[in-house]
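Turn these sequences into a full structure, and let the hints guide you.
Protein chains: 2
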Amino acid sequence: MKIALIGSGNIATFYATRWQAAGHSIVQVISPTEEHAAILARALACPFSTDIQDIVQDADIYLLAVKDDVLLSLQNNQQLQNQFVIHTSGSLPSDLFIDIAAVSACLWPVYSIQKENLTQIENIPLVASCHQEAAIPQLRLLAGAISEETYTLNDQQKGIAHLAAVFANNFTNHLLGIANELLVGHVIPKKLLEPMTRATIEQSFRTNPFDLQTGPAIRNDEKILQKQGLQLVEHPLWQHIYDAMSTSIQETKKQRNKK
Amino acid sequence: MKIALIGSGNIATFYATRWQAAGHSIVQVISPTEEHAAILARALACPFSTDIQDIVQDADIYLLAVKDDVLLSLQNNQQLQNQFVIHTSGSLPSDLFIDIAAVSACLWPVYSIQKENLTQIENIPLVASCHQEAAIPQLRLLAGAISEETYTLNDQQKGIAHLAAVFANNFTNHLLGIANELLVGHVIPKKLLEPMTRATIEQSFRTNPFDLQTGPAIRNDEKILQKQGLQLVEHPLWQHIYDAMSTSIQETKKQRNKK
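The listed protein sequences derive, respectively, from chains A and B. Just so we're aligned, residue 8 is where the first sequence starts under the numbering used here, counting upward by one. Just so we're aligned, residue 8 is where the second sequence starts under the numbering used here, counting upward by one.
Each statement offered as a hint is correct.
One copy or two, either will do: identical chains are not told apart, so a pair holds if it fits within one copy or between any two.
Below, a list of computed lysine-lysine pairs in the DSS-like style, where the Cα atoms sit at most 25 Å apart:
hint	residue 1	residue 2
1	Lys-266	Lys-197
2	Lys-261	Lys-74
3	Lys-234	Lys-260
4	Lys-260	Lys-122
5	Lys-260	Lys-74
6	Lys-197	Lys-234
7	Lys-230	Lys-74
8	Lys-261	Lys-230
9	Lys-260	Lys-197
10	Lys-234	Lys-74
11	Lys-122	Lys-74
12	Lys-9	Lys-74
13	Lys-260	Lys-230
Think of the hints as simulated: they come from the structure by calculation, not from any bench.
And the structure:
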């Protein structure tokens, strides 16, 4: 298929190079950042432009791999009229371009694609979403050229998957950041917690994490809960997290015991 | 060294088998659960008793690998008078037995030791703590027989390390539990998030996780924050966590930008 690319960042690069390797042709790169657009276009051996007005009209697919705010600004762009438009945002619905495009779809890579891992990652999960049933085979074909792990989700499921990703990744990262600050601030080597944390994560993948819960909250160890609350007195926001997490752990236990 | 064991669970088994393999002799197992005590004593080829009154008086080391409440109930036990006592609790201070014992120390294994991994795990981090400087070489010798990764921490540091472990492990596990419930409840395969979560954790080990933060909160994406808040309306405790985490992520960004 002939694919026109809007965007020249890591996600655009990832999709374009993989599709090209799978035999699709990338016909154009459009990106306001001339330097990035030129680098990617050179790598793909295709023309580029910094102006979306220049976009070719005869591509089969228009991939929009841009930030959410840019995506929203393109929502009524006449250049996309009657085209097969695919965006890559996890947080925005697949039908974002339905008013203007022939097909409005989403291929969300559920992974943090970065310069350093661009060439190494294999079979990252891809979420394919589109309200238009007729377009799904083509969408799955394109997804299949990128990854063997493609999940077709509707927009409600996709929204939930994105929310779950915020809990499993963004919030987990922040917790690890707090743990890191605590350790570093008290001259404790940060690798102290690595083996345990790795094991916790791997175990949680194999079963329901709620079955594996340990720690002072689930033991209802009020003495420790109180002591650790005091240790956080200089960090009221972390204390707030500590309380919210502990309450939820205790409440989850109660509700599961009822069943 | 001659080591008497109080406890017959996973941690007791872990220490005892490793010390025996390193040439120390386990002289006795004391545990109220006769079945467990008998199994462990047989494996170690040593006598056992269910009554702490029977404990030998000539061991060099008394390892107390029991739950925190049992540990506290032993705090004034005359059988430990003038002995070299080591407990294994992450949450209680190393000097717990200082009023009665000759040496009161702690060897905290910073890992979740379970039946399934008892024989496989190597070089788990061990935290060695003791107020009595003179006892530290012996404590480190015992720790060194278990693991090459031993950290000598004072009780304040140990308390912080335990708090950090609650954030990095107990809370992380709960977040993964919430993510799991969200996915399962909407018929989304849970392995969708695995590659990303694994990558998040590994990256966070290599640098300061605060430098890696992504997601709607750090982007100040109010639309998504609001939408996701609404998605959690049936789960007020998860909503509470969502808000506490998002606020802390945003505040951390502000404070780091000031620097």
